[in-house]
Amino acid sequence: VAKRALKPTVGGPTASTRGRAPAKTGDDRSALFDEEFLKKLEHLALVARKTFTGALRAERRTKKVGAGIEFADHRKYAAGDDFRYLDWNVYGRLDRLLLRLFEEEEDLHIYILVDCSTSMRIGQPLKLHYAMQVAAALCYIGLANLDRVGIVPFSDRLHDRLAPARGKRRIFKVFEFLRSVEVGGVTNLAGCMDKFVHREKRRGLAVVISDFYDPRGFEAGINELRYNKFEPFVLQVYDEREASPTLHGDLTIVDCETGEAKEITVSRSLLEAYKAEHARYCAELDAFCTARAIPYFRTTTALPFDELVLRIFREGGFLR
Amino acid sequence: MTLLAPIPLATIALVAAVLGGLTVVAYILKMRRRRFEVPFSTLWQRVLREKDATSLWKHLRRLLSLLLALFILALLLFAATEPRLGQADPDARSVVIILDTSASMKTRDEGKRTRMEVALERARELLDAMGGGDHAMLLRMDGQTTPLSRFVDDMPALRRLLRDVAPSDTPADLRRALTAAADALHGRHNPMIVLIGDGAYDEETLAAAVWDRPGDDRLDAIDLSGIDVRYLPVGKTAENVGIVAFNVRRYIANKMSYEVFIEIENFGNEIASRKLVLYSGDNPIDVRRLELAPGERLRQIYPDLSGGDDHRLRAELERDSATPGDAEVRDAFPLDDVAWALLPERKRQDVLLVTRDNLYLEGAMLVYDNVRVDKLTPDEYDREAKAGALPPYTAVVFDGHAPATLPPEPTHLMYFDAKGPAAPFRRVRSVRGPRVTEVDPDHPVTRWLVMNDVNFDEVDVLEVDRKRGEVVLARSVRDPIMAAKRDGGRKIVACGFSLAGTDLMMRVAFPLLLVNTLDWFASDDADLITTYRTGTRVLVPMDATAEVAEAEVRAPGGAASRAPLVDGRATFYAAEVGIHTVVARAGGQVLGEMMLAANLASPSESDIEPSSELNLGGRTLSAPEGFSVTRRQALWSYLVLAALALLAVEWLTYHRRVTV
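Protein chains in written order, with our numbering: chain S, 1 to 320; chain W, 321 to 980.
Chain S on its own, in the form it takes in the complex (with noise of 0.2 angstroms):
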């Protein structure tokens, strides 16, 4: 199980961002996936065939029992099996008709679920479009290993879907669904994952990239997919700023999702008290991952989402 809490390693917030509110910007997508960001992605999928070759190829052996070349088991004959897989050495020992199983190979169905709240629409950059980027980055990494691999939006309820697919040339629909996401509403795991268990027949990795803020929780979400077969794996994305604001003076913070509003006078106490209790939500979070072997990540927007791409390789998080 890989878990890490990245920090950035380059970016964070700069002396002229500081002590500002968490940014509420433009959604504006449409420089969001650029030439550059292609080379980026190019560079991904060559970094990453090159460190998981042989591993990590689109066949993926599957507990089904079928057609593949490698043997798997032994079973009884049975009237109307295919006389071609019968093991006539055993049957020359034993005398007993046996059939030889062998281990089904099926492609990898990827799922990104991208959280589209109105949380996401904060942050510098965004942290929608940051999630946007590694989704992309993830899909075509995806679909360059032959993988089928589809976009699942929410919010408080699941948005359409890009319906998964192979082949690297997907990767233009793929941006071209991206930037057309609609965005808003509040955050209902819980909710969206029971819809998507029960929409999506074949079972998969279900990569969730969210903030995670939830008023009801996040463990029902994750569980949701555990328990209904699917591979869930955590990204949580969040902005330095939320997690360490530097505020001041009399407010009245407003929760940009439920419209709900307190006034407030900021502290230096109350913003540790409030740094500690970001952190410990982080660690909640984390310790729910761990304690169910799924695998988490967690980054702030200002870490590059090619390094954060890459990191995830790194650790074997991704595909194992």
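Just so you know, the hints here were simulated from the structure itself, not pulled from any lab data.
Note that the coordinates shown come from a computational prediction; the quantities given were computed from them, not determined experimentally.
C-beta atoms are modelled at their ideal positions from N, C-alpha and C, and glycine is treated no differently.
Check each hint, because a few of them may be wrong.
[Unchecked claim] Ranges of calculated distance between the beta carbons of each label pair, as one might list FRET restraints:
(1) 411/W - 249/S: 55 to 65 angstroms
(2) 507/W - 249/S: 50 to 60 angstroms
(3) 307/S - 342/W: 27 to 37 angstroms
(4) 331/W - 279/S: 26 to 36 angstroms
[What the hints assert, rightly or not] Sample of chain W residues at the chain S side, in silico, Cβ under 7 angstroms:
(5) 353
(6) 354
(7) 356
(8) 357
(9) 359
(10) 360
(11) 361
(12) 362
(13) 363
(14) 364
(15) 367
(16) 369
(17) 382
Position chain W relative to chain S; hints supplied.
Only chain W this time, still in chain S's reference frame:
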């Protein structure tokens, strides 16, 4: 503790009530808070749930903050009452120290310190001797009176002001200084004036002071009733010889020559030998050795001087020592050893006479030695004027001819008997055998002109329009027969009579009329440039500056100032000895420039003999005695400091969220 209460206590109480009320209201009012959007308020709520346990402290610290603000306000208002430790001194005085900074204070007694330096030391001693309850004000006295401070009890601050005090080049105006001091002391407790100076003041002012106003109804009296006036004398030397008058003028008949008038006086008690050197620019043009008896005033006239190219003249007095250079050339008071005067500059003129052989006219032109005369007949003139072949002339005199083609501006024009459509003034009618009854004595053309005995055969009456700036120079009863006007850049003089029909040429008035006219054309009508005295307001006539509101004055020391121009006259205060330059500009173009000389020329200032006693209004002034010292500590500064310290604490605690 005593409260000086410069602001009435009732006012302070009112201010306290208003500001206190506003402070309380400000704390009661709920301030509009900044809105801050957070992505997940649940985390904040969790934190606040824990913090809400301490809400009692929150209320308390709000109250503490209010009390702190009210306390700061109370401290500031208390400081405004000027509280002091110690009792109020009933003998505390209000003292105006008049510092004589007139020219005589530049005297260097016995070759050591100047009187000004000694006077400043006396002033410092006086300030040091003042008690804690005394208030003092510094007044600087020269040609003007300048207050250097208001009434304060901060003696170190007044001492600092004394550092910048320097003597001027102007005589002392004691009347103005005493009047200003008396006005400043009006209504103050135990008023006192201390005059620190050398006593070089005019007797008239000293006699004008009155000590009991109801008994004296003179308008020029200086009312010092109820004021204790003291005098601190400075100075030792009495020996001084100074120039008290210096002027120069050109001769009217021969403007290339000039004469100089210098008046020198020995103010000392011994016979003085001096060398009087007259300079034109930097070139000495005359040296005289003089010996003056004590109190002797010597007038020196230098007639028929013509040397030197510079129009700036300077007279210098030097000690007549046997070996020049080994002794100090100046005496104890060098300011009156140098005097300046200006000579009106002469401008060479090219004049064209358009006449049919008028010998009188040509002969009269010979009077004017700075003029070059050409002559043309009217026909020749018309021919050359049409051909544009006329060389540029300063002025053209038309004798019985009024041509249609005139020389280009700024050639000035003078007409005799101008008839026809091109005449400068329209002819109204003719008068036979008139007498000149009125001549404008103020106009430069008709200045000094006597024409009442001039006979005329016939004259034309001219139409003069005053609204267009045309002026009448001479009248016969009410009829204008001579007139002048400006036409753009040129000046025009017209005489309504023919030179063939008058005996004017036989009179002195004729050459004078021509000379005056040519001088007016050349703006060179001054034969005497007045030498001004420092310490007076100077009125300088500036030609052709009606549309300019301000002139620039450059003092001899190089300092520039502005002088208002009213009715073509610039007015400014001459504070320095030397040559001042007044320039009137419009849009960067120099319209007029005038130089003028200012000299001390004040016998009362040059008489540097110090008076150990001063008799003011019949009362001999004595030196001030020692001031009684009372210890009173002003508290307002500490209170303000305390208020500032509390503000700093409030600021610090506010930003650390200890207070609200």
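Against the structure, the hints:
Hint check: residue 411/W to residue 249/S, Cβ distance near 57 angstroms, so the stated range 55 to 65 angstroms holds. Restraint check, residue 507/W to residue 249/S: a C-beta distance of roughly 52 angstroms satisfies the suggested window 50 to 60 angstroms. Distance hint for residue 307/S and residue 342/W: a CB-CB separation of about 57 angstroms, inconsistent with the stated range 27 to 37 angstroms. In this structure the supplied range 26 to 36 angstroms is violated for residue 331/W paired with residue 279/S, their Cβ-Cβ distance being about 59 angstroms.
At a threshold of 7 angstroms, the smallest CB-CB gap from residue 353/W to chain S is about 5 angstroms, leaving the interface hint in force. At a threshold of 7 angstroms, the smallest CB-CB gap from residue 354/W to chain S is about 5 angstroms, leaving the interface hint in force. Hint status for residue 356/W: holds, given a least beta-carbon distance of 5 angstroms to chain S, under 7 angstroms. Because the smallest distance between the Cβ of residue 357/W and any Cβ of chain S comes to about 5 angstroms, under 7 angstroms, the interface hint for this residue holds.
Of the supplied interface hints, the one on residue 359/W holds, with its beta-carbon coming within about 4 angstroms of a beta-carbon of chain S, less than 7 angstroms. Residue-level restraint check for residue 360/W holds (minimum Cβ-Cβ distance to chain S is 4 angstroms; threshold 7 angstroms). Contact between residue 361/W and chain S, as hinted, is supported at the beta carbon level, the nearest pair being about 4 angstroms apart and thus within 7 angstroms. With 7 angstroms as the threshold, the beta carbon of residue 362/W comes within range of chain S, its nearest partner Cβ sitting at about 5 angstroms, so the hint holds.
A least Cβ separation of about 5 angstroms between residue 363/W and chain S falls short of the 7 angstroms threshold, and the interface hint therefore holds. Against a cut-off of 7 angstroms between C-beta atoms, the interface hint on residue 364/W holds, since the closest Cβ of chain S lies about 6 angstroms away. Using the Cβ-Cβ criterion of 7 angstroms, the hint placing residue 367/W at the interface with chain S is satisfied: the shortest such distance is roughly 5 angstroms. Evaluation of the residue 369/W hint against chain S yields a violated restraint, the C-beta minimum of about 10 angstroms exceeding 7 angstroms.
A cut of 7 angstroms between beta carbons decides the hint on residue 382/W: the least distance to chain S is about 10 angstroms, and the hint is violated.
Violated hints for the displayed structure, listed by number in ascending order: 3, 4, 16, 17.
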